[in-house]
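Participant: Each step along the sequence shown adds one to the number in the numbering used here, with nothing skipped, and position 185 is 185.
No lab work stands behind these hints, which were simulated from the structure alone. Note that the structure is a prediction, hence the values are computed from the model and not measured. Beta carbons: idealized from backbone N, C-alpha and C, even for Gly. Treat the hints with care, since some could be wrong.
So the derived label-pair ranges between C-beta atoms look like this [claimed, not checked]:
hint: 1; residue 1: R31; residue 2: V172; range: 27 to 33 Å
hint: 2; residue 1: E175; residue 2: S112; range: 35 to 41 Å
hint: 3; residue 1: D121; residue 2: G152; range: 16 to 22 Å
hint: 4; residue 1: V122; residue 2: G51; range: 36 to 42 Å
hint: 5; residue 1: E59; residue 2: V122; range: 34 to 40 Å
hint: 6; residue 1: K169; residue 2: A65; range: 25 to 31 Å
hint: 7; residue 1: V30; residue 2: G179; range: 34 to 40 Å
hint: 8; residue 1: G109; residue 2: S176; range: 39 to 45 Å
hint: 9; residue 1: G53; residue 2: S166; range: 31 to 37 Å
hint: 10; residue 1: D108; residue 2: G138; range: 16 to 22 Å
hint: 11; residue 1: Q98; residue 2: F159; range: 22 to 28 Å
hint: 12; residue 1: V172; residue 2: T56; range: 39 to 45 Å
Cross-link-like lysine to aspartate or glutamate pairs, in silico, EDC-like; alpha carbons within 20 Å at most [unchecked claim]:
hint: 13; residue 1: K115; residue 2: E61
hint: 14; residue 1: K115; residue 2: D162
hint: 15; residue 1: K169; residue 2: D121
hint: 16; residue 1: K111; residue 2: E175
hint: 17; residue 1: K111; residue 2: E44
hint: 18; residue 1: K111; residue 2: D33
hint: 19; residue 1: K111; residue 2: D52
hint: 20; residue 1: K115; residue 2: E44
hint: 21; residue 1: K111; residue 2: E59
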Amino acid sequence: MVRMIVFTVLAAGLMPGAETAPDRQPQLAVRGDTVAMVFGRGNEILFERSGDGGATFSEPEVVGALPVIALGRHRGPRVAFAGAAILVLAIGGGAGDQSDLHSWRSTDGGKSWSKALVVNDVPGSAREGLHALAADAGGHAAAVWLDLRAPGTRLYGAFSNDAGASWSKNQVVYESTGGTICQCCH
Numbered sequence: 001m002v003r004m005i006v007f008t009v010l011a012a013g014l015m016p017g018a019e020t021a022p023d024r025q026p027q028l029a030v031r032g033d034t035v036a037m038v039f040g041r042g043n044e045i046l047f048e049r050s051g052d053g054g055a056t057f058s059e060p061e062v063v064g065a066l067p068v069i070a071l072g073r074h075r076g077p078r079v080a081f082a083g084a085a086i087l088v089l090a091i092g093g094g095a096g097d098q099s100d101l102h103s104w105r106s107t108d109g110g111k112s113w114s115k116a117l118v119v120n121d122v123p124g125s126a127r128e129g130l131h132a133l134a135a136d137a138g139g140h141a142a143a144v145w146l147d148l149r150a151p152g153t154r155l156y157g158a159f160s161n162d163a164g165a166s167w168s169k170n171q172v173v174y175e176s177t178g179g180t181i182c183q184c185c186h
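Start from the sequences and build out the full structure, keeping to the hints where you can.
Facilitator: What follows is the structure in structure tokens.
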């Protein structure tokens, strides 16, 4: 099934890292025969769904838009199933140091999306653009990102126990004894 999904993504023109492709940084989440895919296009985050294990996908639906979205070099939106919800995270916002980690959720299979929540509690601290998302069937979710709220880079995280309807206060997940972790490694 994984080969079929990857082939479908590549056949659709979603070539990760291709600078000339209009659709960039696709990410997949799979639950049973349902495949959720998100990707960036310009300043929009788009979502497609497959109910047949990736053989076919729906037309793209807009999850949300930001003036600037971090795309390329392993940056881009993330997707996960959290209980009955689908969560999407992306880093973006204003130019330069104004980028934050934004979260959207859908409770109707991706037909509609909530208004974006900002996950990082210090404005602009997620501007590096690298992040990850994990969730479980119980509706618990964890988001982590490279954070620049203080000198040096640290790994911060936030957690949700309600399928992304709200996020916890940010916590340091890891900091290097050398004062910074690598700023460019996903």
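Participant: Does the structure break any of the earlier hints, and which numbers would those be?
Facilitator: 16
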